[in-house]
Amino acid sequence: MNDLIGMILIGAGVTFDVLGCLGLVRLPDVYNRLQAATKCVTLGTCLILVGVAVAGWGNSGLVIKSLLCAVFILLTSPVGAHALARGAYRSGVSLHASSVVDDYGSSAALTHHRVPSRSSL
Amino acid sequence: MTAVPAVLLFPLVLAAFLCLYRIGRGPSAPDRAVGIDILGTLIVAFTALLGLYTGQSWYLTIALAWGLLSFIGAIALAKYLEGRAYDE
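Residue numbers (our numbering), protein chains in the order written: chain A, 39 to 159; chain B, 19 to 106.
Mixed in with the good hints there might be a few duds.
[What the hints assert, rightly or not] What follows is a list of derived Cβ distance ranges for each label pair:
hint: 1; chain 1: A; residue 1: D140; chain 2: B; residue 2: L27; range: 36 to 46 Å
hint: 2; chain 1: B; residue 1: G42; chain 2: A; residue 2: I102; range: 35 to 45 Å
hint: 3; chain 1: A; residue 1: V138; chain 2: B; residue 2: A83; range: 27 to 37 Å
[To be verified] These stretches of chain B come out as covered by chain A in the derived footprint (C-beta under 8 Å, 3 or more residues):
hint: 4; region: 25-31
hint: 5; region: 34-41
hint: 6; region: 48-61
hint: 7; region: 66-75
hint: 8; region: 88-99
[To be verified] Simulated pairs of lysine to any residue, SDA-like, Cα-Cα distance not exceeding 20 Å:
hint: 9; chain 1: A; residue 1: K77; chain 2: B; residue 2: G91
hint: 10; chain 1: B; residue 1: K97; chain 2: B; residue 2: V31
hint: 11; chain 1: A; residue 1: K77; chain 2: B; residue 2: V25
hint: 12; chain 1: B; residue 1: K97; chain 2: A; residue 2: G130
To be clear, the hints were calculated from the coordinates, so they are not data collected in a lab. Every residue gets a Cβ at the ideal spot worked out from N, C-alpha and C, and that includes glycine.
Make a model of the complete structure from these sequences and hints.
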């Protein structure tokens with residue numbers, strides 16, 4: 039029974055991972071790619087780690103370490119993605135032409151910092 | 019210990035190749051940074067599956083360390099892209 043539930047979780051996680059990486063390849067600009075890939079791959083990896091914990095029930099080292107790793111990934115991956123998106127915006131990568139709203143660029147958040155021009159890339 | 023179908027590892031390899039495509043092709047530096055970040059998370063998942071496949075729990079230790087280093091690397095790359103010093 040543990041094996042079955044674990045396999046279902048791992049299968050769902052692998053599906054999410056592959057679809058997220060497909061988004062990383064197919065979407066038009068950095069911000070779209072970042073959001074698709076980060077959300078899908080974070081959820082997929084956490085499902086895989088929980089599935090490993092369920093399927094490996096009885097091997098205490100495996101269970102504890104994989105649950106710890108799942109919590110860690112769930113905490114750090116969004117933070118890293120947020121920092122990367124901010125760095126991409128500050129380094130002057132423009133949005134795709136079909137984007138309709140740019141709240142970050144029009145807010146006062148950028149007035150305290152130097153914004154490099156597009157030509158400095 | 020458990021019968022993990024090794025066939026579950028192949029889609030992860032495919033996803034890693036998609037990431038490598040974005041790292042190699044990506045038109046700007048942030049594209050490559052995103053690809054590296056995602057590839058790190060994929061390697062954590064792959065290592066955890068290897069740990070289940072072999073029943074050895076030290077693979078999960080590698081996964082933990084890899085996740086930590088991937089996070090620190092993502093933060094450092096973001097700082098670098100922003101053009102600021104690391105202690106700022």
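Going through the hints against the structure:
no.	hint	in the structure
1	A:D140 to B:L27: 36 to 46 Å	41 Å, holds
2	B:G42 to A:I102: 35 to 45 Å	37 Å, holds
3	A:V138 to B:A83: 27 to 37 Å	42 Å, violated
4	25-31	holds (count 3)
5	34-41	holds (count 5)
6	48-61	holds (count 9)
7	66-75	holds (count 6)
8	88-99	holds (count 9)
9	A:K77 to B:G91	19 Å, holds
10	B:K97 to B:V31	29 Å, violated
11	A:K77 to B:V25	24 Å, violated
12	B:K97 to A:G130	14 Å, holds
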